[in-house]
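A.B. asks: First to last, the protein sequences are chains V and C.
Position one of the first sequence corresponds to residue 1 (my numbering), numbered consecutively onward.
Position one of the second sequence corresponds to residue 271 (my numbering), numbered consecutively onward.
Think of the hints as simulated: they come from the structure by calculation, not from any bench.
No experiment lies behind these values; they were computed from the predicted model shown.
Beta carbons: idealized from backbone N, C-alpha and C, even for Gly.
Don't take every hint at face value.
Listed next, with one range per pair, are the computed distances between beta-carbon atoms [as the list claims (entries may be wrong)]:
#, chain 1, residue 1, chain 2, residue 2, range
1, C, R395, V, Q7, 27 to 37 angstroms
2, C, A303, V, M99, 55 to 65 angstroms
3, C, R360, V, D224, 32 to 42 angstroms
4, V, D32, C, K392, 53 to 63 angstroms
5, V, E268, C, A314, 50 to 60 angstroms
6, V, P113, C, R317, 48 to 58 angstroms
7, C, M369, V, E268, 38 to 48 angstroms
There are 2 protein chains.
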Amino acid sequence: MILVNGQVRDAVPVTDRGLWYGDGVFRTIPLDAGRPLCWVRHFAKLRSDCGVLGIPCPDEIILREELAVVARSEPSGIAKIIVTRGSGARGYRPPRSAMPTRIVMALERTQYPAEFTSGGIKVRRCSTQLALQPLLAGVKHLNRLENVMARAEWSEPSIAEGLLLDQEGNVIEGTMSNLFIVENGILSTPDLRRCGVAGVTRDRIIEAAQQHGIGCKIENIRYDRLYGSQEFWLVNSLIGLWQVREFEGRIWAPGALGLQMRRWLDEESD
Amino acid sequence: MILVNGQVRDAVPVTDRGLWYGDGVFRTIPLDAGRPLCWVRHFAKLRSDCGVLGIPCPDEIILREELAVVARSEPSGIAKIIVTRGSGARGYRPPRSAMPTRIVMALERTQYPAEFTSGGIKVRRCSTQLALQPLLAGVKHLNRLENVMARAEWSEPSIAEGLLLDQEGNVIEGTMSNLFIVENGILSTPDLRRCGVAGVTRDRIIEAAQQHGIGCKIENIRYDRLYGSQEFWLVNSLIGLWQVREFEGRIWAPGALGLQMRRWLDEESD
Chain V
1 MILVNGQVRD AVPVTDRGLW YGDGVFRTIP LDAGRPLCWV RHFAKLRSDC
51 GVLGIPCPDE IILREELAVV ARSEPSGIAK IIVTRGSGAR GYRPPRSAMP
101 TRIVMALERT QYPAEFTSGG IKVRRCSTQL ALQPLLAGVK HLNRLENVMA
151 RAEWSEPSIA EGLLLDQEGN VIEGTMSNLF IVENGILSTP DLRRCGVAGV
201 TRDRIIEAAQ QHGIGCKIEN IRYDRLYGSQ EFWLVNSLIG LWQVREFEGR
251 IWAPGALGLQ MRRWLDEESD
Chain C
271 MILVNGQVRD AVPVTDRGLW YGDGVFRTIP LDAGRPLCWV RHFAKLRSDC
321 GVLGIPCPDE IILREELAVV ARSEPSGIAK IIVTRGSGAR GYRPPRSAMP
371 TRIVMALERT QYPAEFTSGG IKVRRCSTQL ALQPLLAGVK HLNRLENVMA
421 RAEWSEPSIA EGLLLDQEGN VIEGTMSNLF IVENGILSTP DLRRCGVAGV
471 TRDRIIEAAQ QHGIGCKIEN IRYDRLYGSQ EFWLVNSLIG LWQVREFEGR
521 IWAPGALGLQ MRRWLDEESD
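Make a model of the complete structure from these sequences and hints.
C.D. replies: See below:
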């Protein structure tokens, strides 16, 4: 079921700037018994991302009501919210009078093998490199061709995710996930002020580390540092935390801190 | 009038990857008595851009037929063609079975003051800088947030266009146009292999220069070289060729080569 500006619809106007220019933002949120998990954080991120683009953020109460409606069709599925700048005359200039388009839908949950969580995943390095754009870095906007190009690089089902580097050799993220490494009991996660998407689960892990007295550095991570890490995780709201088992010939066993972090995430996933 | 995959429609499915990820390309083409100008070049560019993204390009005959249909409503207007990868399951990976979405529409022509052509334009420098992404450079794809951000920087009607630099200080293009400078009778236009959109009119000018024995260099152009140029043009399929009259305090008179080039463009605009 899909709601477009509150109406049951399966289509958006051809003139929507989300289609013309990718002029909008989105969220994907797991549902649990019809309830969007970590809603407070997801809404805060949606509002912040809308703010970067200068798009008025939809009202939180309305979004919650619409999520409750669409969740009935997929109560254990995924909610997707898209907010675009709306329709307007041709041309890049954002029209002053545009009414944002608000799309709320529930989708079936992607089924991943249980061993991705229990035993870890195999990961590849993508040849697609992320461009540096500080104005848009961190934002989950609708300009996602780099992710599409990167994800098109492989089709082997045994490879769960691909890593993206920036053009200076820093590792930034997976095609659909953020990353952490553990070195001597200390977490590190890439600085996303020049490229990448800063996800809600990344924030939650940074905070959980702080609460439990575990060091967590946000910094540029040279690609070759991955090999020497004791643990290597990929995270997002839908997969939770996957430990990397295999990457370019290096093998990791599931690490204790990753297991502990997953428990912490499970404990506070309201 | 709008045709979506050949059907009269004013909407596209919410699940279209053009909306979700900007996963597609587009063209805007002036119509003259219902005929799309420079069609051969526009179609070649559409096919080339589709090729970069791995999207099957629509059949030329079908596009011509659909253009003829929509042009009836705006015979002196603008044709817009959007080709997206189509609808598919959630996730960045391009589905193998997706059918591209083909959108063909005719729009009213934007009215610019006649003096923009006769007397030249005032141009500003945008603070938005283009990210370097060689994989997508030159392609007119649907990820256009940089253009939107740049065009949102000013609202004064007296300023016709804004210039975009890359992050290394090279001038690349206008928000909706390509650029040329003239120095000692020689043309130069920015190298677009790392960012920017390579337009059809830019190609036409490069070829016209060659045909008429005028030198034309494709190269990195440092921003401050603009000030010393004898002529400075901004070009695209809809505006033709605008000479820059004023930019950051420097004033240019309409140049003879620009006037000549506009005549050459007018002569072979089929």
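A.B. asks: If a hint holds in the structure, say so; if it does not, say that too.
C.D. replies: Here is what the structure says about each hint:
no., hint, verdict
1, R395(C) <-> Q7(V): 27 to 37 angstroms, "violated (43 angstroms)"
2, A303(C) <-> M99(V): 55 to 65 angstroms, "violated (36 angstroms)"
3, R360(C) <-> D224(V): 32 to 42 angstroms, "holds (33 angstroms)"
4, D32(V) <-> K392(C): 53 to 63 angstroms, "holds (56 angstroms)"
5, E268(V) <-> A314(C): 50 to 60 angstroms, "holds (56 angstroms)"
6, P113(V) <-> R317(C): 48 to 58 angstroms, "violated (39 angstroms)"
7, M369(C) <-> E268(V): 38 to 48 angstroms, "holds (43 angstroms)"
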